[in-house]
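**Q** For reference, the chains in residue letters:
There are 2 protein chains.
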Amino acid sequence: MATGANITADDVAAEAGVSRWTVTRAFRKDASISAKSRAKVMQAAERLGYVPDLRAASLASDRSNLVALLVDDFANPHKLVMMERLTRVMRRKGWDTLLVNTLDKADTGPALLNASQRRVDAVILIGLQFDDDVLAAAQHARRFSKLIVFARSSQKPDTISIAVDDVQAMRDIAAYVDAQGYRRPFFVAGPRTSSAHLLRKETFIDYWQQTHGLRPDCVNVAAYDPALSGAVVETALKDRARADLPDVLVCENDALAIGAIDTLRHRLGLRVPGDIAVTGFDDIPQADSLNYQLTTYRQPLDEMADYLVEVLDSREDRDMNRLFRGAIVRRDSA
Amino acid sequence: MATGANITADDVAAEAGVSRWTVTRAFRKDASISAKSRAKVMQAAERLGYVPDLRAASLASDRSNLVALLVDDFANPHKLVMMERLTRVMRRKGWDTLLVNTLDKADTGPALLNASQRRVDAVILIGLQFDDDVLAAAQHARRFSKLIVFARSSQKPDTISIAVDDVQAMRDIAAYVDAQGYRRPFFVAGPRTSSAHLLRKETFIDYWQQTHGLRPDCVNVAAYDPALSGAVVETALKDRARADLPDVLVCENDALAIGAIDTLRHRLGLRVPGDIAVTGFDDIPQADSLNYQLTTYRQPLDEMADYLVEVLDSREDRDMNRLFRGAIVRRDSA
DNA sequence: AATCCATTTGCACGCGCGTGCAAAATTTGC
DNA sequence: GCAAATTTTGCACGCGCGTGCAAATGGATT
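Those sequence lines, one after another, are chains A and B. In terms of full-length UniProt numbering, the first sequence is residues 1 to 334. In terms of full-length UniProt numbering, the second sequence is residues 1 to 334.
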């Protein structure tokens with residue numbers, strides 16, 4: 001099954017007639033080694049089925065090239081997209097990914113501990129439950145030098161945030177909604193625990209208040225889960241008279257928007273966008289489906305992932321926060 | 001930032017006034033150690049911020065408690081569900097997950113190599129591109145003892161398959177469709193490369209041929225991607241006269257089914273289930289949404305994940321293949 | 001042919017922890 | 001209170017590779 005026992009660099013060295021260090025060099029991209037030595041080594045390695053042991057390498061060099069990805073919010077389809085992009089870019093650049101499912105809110109600490117034990121070089125957070133106090137508590141046993149919050153802005157010190165500019169983005173959306181002539185917006189927000197949602201919600205509300213002098217209705221959903229979102233929206237709207245209904249639901253993200261659309265159509269008997277328009281955020285694959293054609297906002301995920309790798313490679317320690325600018329994706333839903 | 005420099009077990013031992021080996025024992029569940037020694041050690045560790053180094057432990061013990069999860073098929077929402085279940089169960093049992101995005105078909109070998117370098121204890125395949133020849137070629141540099149194909153049956157030797165019984169499942173579906181009175185089924189299959197789809201498709205076709213003496217129409221989609229599925233279904237059905245249309249689309253999985261439903265409704269102007277019924281497979285979250293209410297088949301994922309952990313823990317080497325039985329989830333779409 | 005410079009190769013030591021067994025400490029039985 | 005049974009503790013060696021520098025090799029120049 002496994003090729004022989006444990007073939008080490010020493011074995012390959014003997015087979016190739018060179019020293020072990022030459023073997024090591026042959027396996028590094030940027031090492032100074034003659035072409036023919038490398039060829040000899042590679043052939044010997046191939047013959048023996050040698051595979052370098054990254055555990056030992058990491059132990060000796062104190063760099064693991066491993067990154068922990070902490071995820072909690074598996075109900076949001078956007079997570080799948082993010083995971084794909086991140087792992088793709090990172091793997092191309094030589095970074096491996098340790099996927100840690102943060103089971104529940106109290107599990108953030110243990111999850112970070114888990115990552116520490118593997119001596120990852122960095123931890124990337126793409127969930128939502130990471131309130132600042134939980135993080136602070138978890139800093140304790142921290143054995144990695146970089147804590148990166150991806151696709152979510154964070155003001156926490158010792159933390160690098162790579163995200164879209166929520167304020168800018170939400171202003172764009174608000175302006176678009178405004179320009180389309182909608183006048184009775186209704187904001188569907190995510191869990192209160194997450195700090196990003198505050199930014200989006202407040203930005204929208206502020207905009208509307210300044211522009212039209214009134215505060216839009218608002219509702220909170222306990223998770224970025226379409227089903228939950230639908231339930232909350234139904235409760236909020238079902239008893240309203242037709243004239244009291246909003247003319248557009250501005251949703252904090254696509255997961256919420258999709259749940260809302262389903263409820264509007266199938267529970268409340270309304271047409272989208274005929275009776276009520278809907279906007280989202282993220283541009284998940286479903287947003288482009290025939291059924292939803294959701295007007296939403298696309299984050300420049302590729303750029304953000306590229307920058308993430310830059311951060312990983314960098315030796316710097318501060319001021320690496322960065323905000324990106326995305327763009328509205330205009331479809332039929334609003 | 002990181003707590004001090006590298007605190008090792010030696011440091012903790014000194015602090016606690018015991019030997020390093022007592023420290024080691026304190027951190028293992030099943031070690032023979034007195035309660036008060038453990039308490040002393042734990043307090044010292046806490047004071048110093050000590051976190052055991054799993055790289056070193058793994059190197060010394062030749063067990064990594066790390067499992068590589070190879071995924072390629074990120075367009076299928078079901079993958080998110082599987083990843084959540086697997087990582088949840090595995091983490092609870094002390095197994096960490098290395099997520100490897102198999103970038104494309106030719107990348108299977110390099111991806112396996114990647115896992116080998118981390119000396120994972122096992123590799124779990126939950127993608128679809130793993131044809132037997134690619135796998136065979138990749139066996140070469142194999143440094144892990146277990147290759148597990150999850151949620152897909154495989155006859156390959158040296159491979160452990162944990163999956164639902166496709167034949168049984170598809171017979172159940174066929175019988176259901178039959179019993180509901182549908183008479184002009186149309187099968188929507190996934191990529192030809194995957195071996196599981198053959199089983200489902202052939203089982204359905206065989207059933208229909210034996211029961212009704214005729215071979216249902218059939219179409220292949222190049223990936224488990226709703227958008228692609230929709231396109232293929234549209235091409236296949238758009239020129240048919242109303243009377244020639246099938247009365248039920250039996251889809252190899254939910255991703256295909258959802259794409260099909262969208263196309264039926266929004267391109268072909270048909271009602272689902274009014275004009276054409278649809279069945280899926282997997283019971284992804286969307287299947288339960290108001291919009292789809294998809295009749296589908298649920299795999300017992302939790303049971304399967306539990307068994308997976310059993311396999312990981314086991315020292316056995318053969319005959320660990322296992323088929324599970326799921327159940328039809330009956331909703332409105334058929 | 002002698003010299004110099006650039007390139008290539010070799011190596012001692014340490015990274016942090018597990019394994020298996022023997023010695024020491026503690027408990028039990030009477 | 002003593003011997004035997006049991007639990008608890010200590011340790012030498014090795015897991016496989018990187019680091020940084022010194023020695024050696026090869027090629028180019030005069």
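It is worth saying that the hints were derived from the structure and are not from the lab. Accuracy of the hints is not assured; some may be wrong.
Calculated lysine-lysine pairs in the DSS-like style (CA-CA distance at most 25 Å, straight line) [stated by the list, open to error]: (1) B/105 to B/29; (2) A/146 to A/105; (3) B/93 to A/93; (4) A/29 to A/105; (5) B/93 to A/105; (6) A/93 to A/146.
A quick note: this is a predicted structure, and the numbers were derived from the prediction, not measured.
**Q** Look at each hint and say if it fits the structure.
**A** Hints, one by one, checked against the model:
no., hint, in the structure
1, B/105 to B/29, "violated (42 Å)"
2, A/146 to A/105, "holds (21 Å)"
3, B/93 to A/93, "violated (31 Å)"
4, A/29 to A/105, "violated (42 Å)"
5, B/93 to A/105, "holds (19 Å)"
6, A/93 to A/146, "holds (17 Å)"
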